[in-house]
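Residue numbers (the working numbering), protein chains in the order written: chain A, 1 to 411; chain B, 1 to 293; chain C, 1 to 363.
It should be emphasised that the hints constitute simulated quantities derived from the structure, not laboratory data.
Here the structure is a predicted model, which is why all the values come from computation and not from measurement.
Quick reminder that beta carbons are idealized off the backbone N, C-alpha and C, glycines included.
Hints are supplied without guarantee of correctness; some may be wrong.
[Unchecked claim] Listed below are the simulated SDA-like cross-link pairs for lysine to any residue, each with C-alpha atoms no more than 25 angstroms apart in a straight line: (1) A/99 with C/105; (2) A/99 with C/141; (3) A/81 with C/110; (4) A/280 with B/163; (5) A/99 with C/218; (6) A/130 with C/86; (7) A/99 with C/112; (8) A/99 with C/39; (9) B/280 with C/29; (10) A/280 with B/260; (11) A/130 with C/30; (12) A/99 with C/144; (13) A/280 with B/52; (14) A/195 with B/260; (15) A/280 with B/55; (16) A/130 with C/166; (17) B/280 with C/218; (18) B/280 with C/112; (19) A/169 with A/411; (20) A/280 with B/123; (21) A/79 with C/30; (22) A/99 with C/164.
[Said to hold, decoys possible] If you want the footprint, here are the derived chain C segments under chain B, 3+ residues with CB under 8 angstroms: (23) 143 to 153; (24) 189 to 203; (25) 322 to 328.
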Amino acid sequence: MTGRASWPAAVAAFLVAVSACGGSSAASAQTDVGITSDSILLGNTIAQSGPAAAYGTIANAENAYFTYVNGSGGVNGRKIKFTILDDAYNPAQAVPLTKQLVEQNQVFAMFSGLGTETQTAVRDYLNTQKVPQLFVATGATTFGADYSSHSWTLGWQPPYQGEARIYAKDILANHASAKIGVLYQNDDYGQDYLKGLKDGLGSNASMIVDSESYDVTAAASSLASQLSKLKASGADTLFIFATPGFSIPALVITTKLGWSPQIYLNSVSAPQVYMGIAAKSGAALTNVTSVGYIKDPTDPQWTNDAGMMLYRQVIANCSTCNAQDGFNIYGVAVAYTMVDVLKQAGSNLTRANVMKIAATELNETNPFLLPGVTVNTTSSDHFPIMQEQVETWSNNAWHLQGSLINERGTL
Amino acid sequence: MQEFLQQVVSGLATGGIFASLALALVLIYNAMGLVNFAQGEMAMFATFIALVLIDHGLSYWIALPLTLVIAFAGGVVIQRVVIRPVERAPVLTLVIVTLGLATLVNGMAGFLFGYVPRSFPTPFSASTVNILGALASYQDLGVIAVSGVVLVLIYLLLQRTTLGLALRAASHHPDASRLLGIRVSWMLALGWGLASAVGAVSGMLAAPILLLQPNMMQTVIIYAFAAAVLGGIESPLGAVVGGLIVGVTVNLAGAYVPGVGGDLQLAVAFAIIIAVLIVKPNGLFGTASLRRV
Amino acid sequence: MRRLQQSPARYALLVVALILFVGLPTVVTSFQSAEWTQVLIFAVAIMGLNILVGYSGQISLGHGAFMALGAYTTAILVHRYNVDYLATIPIAGLLTGIVGFFLGIPALRLSALYLALATFALAVITPSLIKRPEQLTGGVRGIEILPPQPPDFANSAFTAVTGGPAMTSDQWLYYVCLVIALVLFWLAWNLVRRRPGRALRAIRDGEVAAAAFGVNIAGYKTLAFGISAFYAGIAGSLYGLTIGFVSPDTFPVALSIQILVGAVIGGLASVPGPVLGGIVTFWLPIVSNQFVGSQDWIPAQVASVFKNAGPAVSYGALLILIMIFAPRGLFGLIVSAYTWLQRRVRGAAERGTGHAPPDPQTV
């Protein structure tokens, strides 16, 4: 009914649009969905309730860093608006929430989504929609390895399999006749670590004499069953691939069983704060090795470190964050990389360009990571962080050993 | 043989934790014929309160009785406010209310205290003692010992005092009890208060071993259900014996039964529940009851 | 026609609701259609649980396990055996229904409390049971289901009505779920109105008396379990298709609790109750997590409590409040309000004749 009368208006609108396009294509200033003249919209889903809620603080720490950056003027004049939604670690919630962020909130990119199952569930959708799925908060190796089929997805932290290969290298170099027992959490996390260990040992995989799994529904004290089986198998080396709620009791129970194997503890459970709880509860912690790539806030050697002082300043923006929690410095570190990528995009703030920079042109020194660790991607390597350093526990602290080990090119 | 013995001893240790929570479940059942799905969460919350008290400088031995008193009061308040309005409602309503309570308490704990696991002090030392070649820590033995003491106290209360008699009478025959002058409603409140206090003990025993965090008791309560069902849901002795048996069975099944691994420990507890309910629904020490129509 | 005249309000309401649901995707975004699809799926699952809990009086806290069975059936058939996804839906339902029927047999021996305990434990171990047969279920890696594309006839019809872009997968799935939900609700309505429904209610309200009347208790109770599981299986199958992914952590114990909450809040032993329940179940976490925080008129402290305390506190508090103040759920509240209104309006007239107003609960 209004069609006839409004066609002059339509023509006028068309002319305006054409001239606007013409104007913007001359300069290289381009924007995309989720970018306004003064803001960049980022989206995230993470577990903030339910059994995995301990991870939820990561998003709050990331937001703290964005608040800090916004306070200093933002990224090239734009402030970052970070929308965090609670998916309770459940893919059935992550999928609709991610769709909401993309289709309703119209975010520019998804950042630091947490959980292997949840991020796998949304991966195809985001890649089909060509929305960047940046720096997922999981070490599942698949996120870096599948770049060729999912070029809009990128991890950040060292993949679990890479970390386990470093343990394998260390064992083959220093304890070549070890008999290995493995205690692992029966989920993607624990299974990924175990695979990395087996692959890293290669033809020596028979060094593993026994492996026992446990489900997250176990009462932690029942781990005594798995651990005494491992002890009885004759293992003299114990790998613990567990989250802190289980690794701490595992360390205590191992001591309680009168067993003192060489222990390899995965990095997620290594923060000093957890080791402290284990020690107080009776764990001997005489021979524990782990790897690290990120500075531990409770480590006295970083007290006057510039990066650590910046971290403390940043984390003060988050009222619910415990500054000593290793998860929080992780959040700040990955947020640093995100801001770095946005800055590098300059005035070409399109999804494609940001993705290109993140996945193939990253070359960053991050003040929150161990000295020497670089955040690097190239056209053939899409694992941003692949260096870790072996550390051993003594005198109530972790002590870095040797130098950084580089796992690049092995996965 | 050595390892088998260790599995059994470790199972007894874990079973002690299940037993302590099962005692609270049995108390509630004795008071009102209902299993409280929120028992574990209430126990966890009470333990957090204890931690707050200790963090504020109180010594463990002052915080402990104070927490028991607070837990008792909390149990009474919950019964008066949440349970009493639906006292006479069908089982389903009560189950849903306790489920709602469990969700609420768990959410509040997460909101107030965060999800990072925390250590909790214990008066028992962590050093180990050798039992026929198997090792257990004084902590583990302490859990079993304290559960035994609580068991004796509950038994004495229920079977040897007038108050206990009134409690049981109010639960089994509320109308007759009213005629005898028993304040039935307050007996129920008392039952809830006691159960809450026993739960607090359980939480404070478990926290040093399981680490204190809002989800600490989420699966322990299922093991405790299995213990209570196995032992006979009205019998405090059954709760303790049941707890120990569940602990040992879970360990042995996971370690020795082919096809069952460490990852199916909770499924073993589920199997115990089903097996008992089908074969001997009244458990080891329960008495069969007639349903009059 | 006469029925329409006798109770115009109820049937008019039904027609209006139907028009709303059918027309929804033409006026809202594809994403919003996807949200309402989830509401429909929950409504189906809740209807199933309602038959068991509301009508036959047996408690199940483990319906998430049935949904998992349905979802994985569809996922495995589609992903591994290339079965047409539409065909897998009834297969998933039937398989789950049969399993439910057989599970109903041992359930007969359990009193209400023990049944609640046993099903609750089942819900908690569901993820670990799924992880076990890794070859079949894909273990923790889960199974992906590609989003089904709308067939041409649907696409043409949809674009003809909206005059807009092509129909999305989400919009097509909405209609698939809507048709299935309508069929299943119609089935349930017939079930409860006729003999099976009466038998179930007789059993629920007084088992011994029902037995004395010759009702086959065991038969009806296990049948209720089977039908209830059938509904949950279909809901699970649709759940898997619309999410596009199934994995062990997609079916935590929280899902079973959610369905029970929905059934209770919506209103047990009613046919419209599950729809209300589905709406609450789906929207409550979103409202408490997102909506409250975005409203400026709510003080920041209150809003942050809602956001940080999470849906858990809202669910828990709501559950308790509803059970205490409105045990017949939202639908019960609506019916009570309607009755009260009716009495006020007609009371004056009826007081003269001595007739009581008709009972709106005769469904």
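Of all the hints numbered above, which does this structure not satisfy? Sort the numbers upward. 1, 3, 4, 5, 6, 7, 9, 10, 21, 23 and 24
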